[in-house]
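Enquirer: Listed below are the residues making up each chain.
Protein chains: 2
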Amino acid sequence: MRIILVGYGTVGKGVTSILARRCTEKVKDYGFNPKIVAIADIDGAVVNPRGLSPEKLEALKQTRPISSDPEFGHPGMSALDVIESVEAEVVVEVTPVNIKNAEPALSHITKAFKTGKHVVTTNKGPLALAMPALTELAEFNNVFLRFSGTVGGGTPMLEFAKRCLAGDHIRSIQGILNGTTNYILTEMAQNHVTFQEALSNAQKLGYAEREPSMDIDGFDTACKVVILANWIMNKKITLKDVDRTGIREVSLQELGEASKKNNTLKLVGSIDGDTAAVKPIEVPVTNPLCVSGVLNAVTFFTEYAGEQTLIGAGAGGIETASAVLRDLLDIRHKLATKLLS
Amino acid sequence: MRIILVGYGTVGKGVTSILARRCTEKVKDYGFNPKIVAIADIDGAVVNPRGLSPEKLEALKQTRPISSDPEFGHPGMSALDVIESVEAEVVVEVTPVNIKNAEPALSHITKAFKTGKHVVTTNKGPLALAMPALTELAEFNNVFLRFSGTVGGGTPMLEFAKRCLAGDHIRSIQGILNGTTNYILTEMAQNHVTFQEALSNAQKLGYAEREPSMDIDGFDTACKVVILANWIMNKKITLKDVDRTGIREVSLQELGEASKKNNTLKLVGSIDGDTAAVKPIEVPVTNPLCVSGVLNAVTFFTEYAGEQTLIGAGAGGIETASAVLRDLLDIRHKLATKLLS
Chain A
1 MRIILVGYGT VGKGVTSILA RRCTEKVKDY GFNPKIVAIA DIDGAVVNPR
51 GLSPEKLEAL KQTRPISSDP EFGHPGMSAL DVIESVEAEV VVEVTPVNIK
101 NAEPALSHIT KAFKTGKHVV TTNKGPLALA MPALTELAEF NNVFLRFSGT
151 VGGGTPMLEF AKRCLAGDHI RSIQGILNGT TNYILTEMAQ NHVTFQEALS
201 NAQKLGYAER EPSMDIDGFD TACKVVILAN WIMNKKITLK DVDRTGIREV
251 SLQELGEASK KNNTLKLVGS IDGDTAAVKP IEVPVTNPLC VSGVLNAVTF
301 FTEYAGEQTL IGAGAGGIET ASAVLRDLLD IRHKLATKLL S
Chain B
1 MRIILVGYGT VGKGVTSILA RRCTEKVKDY GFNPKIVAIA DIDGAVVNPR
51 GLSPEKLEAL KQTRPISSDP EFGHPGMSAL DVIESVEAEV VVEVTPVNIK
101 NAEPALSHIT KAFKTGKHVV TTNKGPLALA MPALTELAEF NNVFLRFSGT
151 VGGGTPMLEF AKRCLAGDHI RSIQGILNGT TNYILTEMAQ NHVTFQEALS
201 NAQKLGYAER EPSMDIDGFD TACKVVILAN WIMNKKITLK DVDRTGIREV
251 SLQELGEASK KNNTLKLVGS IDGDTAAVKP IEVPVTNPLC VSGVLNAVTF
301 FTEYAGEQTL IGAGAGGIET ASAVLRDLLD IRHKLATKLL S
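Going down the list, the sequences are from chains A and B.
In this text, residue positions in the first sequence follow our numbering: the first is 1, and each later residue adds one.
In this text, residue positions in the second sequence follow our numbering: the first is 1, and each later residue adds one.
These are computed hints drawn from the structure, not numbers from a lab.
Please read all numbers here as calculations on a predicted model, not as lab measurements.
Take the hints with a grain of salt, since some may be wrong.
No copy labels: a pair is met if it fits in one copy or bridges any two.
To be verified - Below, simulated DSS-like cross-link-like pairs (lysine-lysine); rule was C-alpha separation at most 27 Å, straight line:
1) 240 / 111
2) 279 / 100
3) 162 / 338
Construct all of the structure, not just a fragment, from the sequences and the given hints.
Expert: Have a look at this one:
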């Protein structure tokens with residue numbers, strides 16, 4: 001399997017590390033032989049049609065920009081050029097999120113589809129803004145689109161619902177899907193600090209961005225709700241269909257009132273019938289969904305198997321990179337089955 | 001897919017209900033066309049090689065014994081005879097658990113294997129006592145053995161670890177795998193009642209058996225540890241290899257001490273390296289594993305994706321029957337892939 005990696009931040013580097021370290025074992029387990037044939041970032045690209053060696057991948061981590069590599073560097077070569085001109089089966093898209101127009105990821109993904117390449121992405125932007133269209137375009141071009149790292153980081157929330165709950169009906173979903181806001185609400189509830197203080201702490205600890213709106217105004221959670229709704233519940237919705245309220249207005253007084261009822265306030269993303277929403281709601285502290293700190297949790301309400309809750313770290317470079325590996329293995333498996341049919 | 005159902009208690013009846021209600025939808029989803037061609041219980045059997053109709057399956061729920069059915073009843077016909085003589089692809093084994101010698105389930109399963117039938121079971125006994133041998137026998141006879149209802153009831157703990165964590169390494173496992181003991185410990189911790197009082201309450205509510213040793217002495221949890229260890233971590237162990245302590249000796253004083261540290265005592269089954277154990281240990285109340293009441297929870301400690309916890313109802317007839325449906329779909333899928341290869 002030849003792979004073009006687009007984006008070379010924490011997740012991108014994690015992907016090269018995991019693939020370099022794990023490919024030997026995975027050959028044994030799954031007949032899976034991944035080769036990174038190109039890496040593109042904003043400055044240019046490195047390209048080796050025979051696959052970049054583990055040693056080269058390691059060396060590139062110290063090379064800035066990577067396109068300055070004397071052997072395989074192509075300064076100024078754009079990701080779109082790489083996707084168009086380099087032969088590969090899969091494009092791994094891990095550029096930064098942009099929920100205004102989803103670029104440059106959206107162009108990367110559509111270019112990959114049009115040149116017959118499968119796509120694995122950890123980028124919520126294109127999915128949040130255009131998931132129904134992207135799913136159709138992938139089908140039309142007979143390629144796969146996988147994105148397990150977009151929801152739950154390393155925690156396989158999407159796969160769990162899709163694969164493990166086969167044979168059941170998922171009626172509704174509730175999730176705490178953003179670690180930053182959960183950290184802030186946990187701090188406020190447990191240590192009685194104001195929203196502003198908790199946000200400052202989160203920023204100092206690196207949990208929140210300098211420009212925190214994506215998290216605290218609920219956009220990040222809403223993107224994940226869109227992905228869950230499309231993938232698990234076959235709803236054709238995008239970001240604008242999510243009724244969204246963030247946590248800026250949550251007060252210590254509200255948290256205190258909730259606490260008296262043995263509840264607490266959590267930023268919950270939910271899908272129930274035709275309603276997709278993000279808002280702070282009261283959750284009993286004994287509810288499995290009620291996780292603290294930067295954890296993520298999702299509860300699936302099923303017809304036969306009752307409520308099922310999955311909890312894990314929702315973010316992190318290596319965790320998200322492990323989701324990319326899962327997606328690559330899934331595509332490998334799907335292709336093997338397809339070739340046989 | 002022709003199915004012989006062995007055992008006709010709560011789970012067995014749940015299986016007939018789910019299959020009758022769901023087969024139409026599932027035909028659409030998966031090309032899955034299940035037919036129950038025989039049901040055997042302790043008194044005899046009903047057999048219809050063309051498949052028992054949904055109406056007949058419904059009527060049988062009011063027929064005692066089922067073998068008295070005028071159309072298809074065979075009073076006194078043993079399950080072994082049915083497995084031997086009726087043509088079918090799968091035997092669903094849902095007789096009561098016996099951890100002394102695993103009978104009659106063990107004979108049912110081996111007979112099924114020797115006559116070339118796949119097996120889906122919710123019975124922990126044969127797996128706890130002979131899982132390595134049964135796995136080998138299934139492989140030798142080129143048939144599948146599936147048992148997702150044995151751990152977590154309707155909560156797909158086994159599938160989650162096997163499928164969703166592909167591409168990662170599971171280093172160790174901890175689980176609260178028995179609802180009865182968890183109910184008792186929760187009652188003791190929250191309402192400060194003694195072990196004996198909590199046990200009586202559990203018996204009154206139907207959570208505990210009149211003879212509660214299977215649960216409170218940790219045998220049930222130990223059976224589940226054996227299954228997790230074999231299936232997920234490739235350990236060739238049986239019940240005798242599990243270091244087991246139950247909850248009879250847990251005192252209110254111990255719970256009080258734990259509470260001061262914001263911990264509580266839980267009966268935890270664990271697999272770590274070569275050690276498989278069941279014992280009451282202190283768990284922080286903020287740990288996702290620390291579920292209350294009759295819930296079950298399991299935490300997988302993975303190399304890349306961190307700690308992943310899955311929580312759900314651990315028991316119940318319809319929940320466990322939904323696990324049987326999952327297993328049947330899995331076998332159907334495996335066969336489809338195999339036929340193509």
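Enquirer: Taking the hints in turn, state whether each one holds.
Expert: For each hint, the structure was consulted:
Taking the shortest Cα distances, residue 240 and residue 111 sit within 27 Å of each other inside one copy (25 Å), while across copies they are farther apart (58 Å). Proximity of residue 279 to residue 100 under the C-alpha cut-off of 27 Å is restricted to the intra-copy arrangement: shortest distance 21 Å within a copy versus 53 Å between copies. When the C-alpha separation of residue 162 and residue 338 is checked against a cutoff of 27 Å, the pair qualifies both within a copy, at 19 Å, and between copies, at 22 Å.
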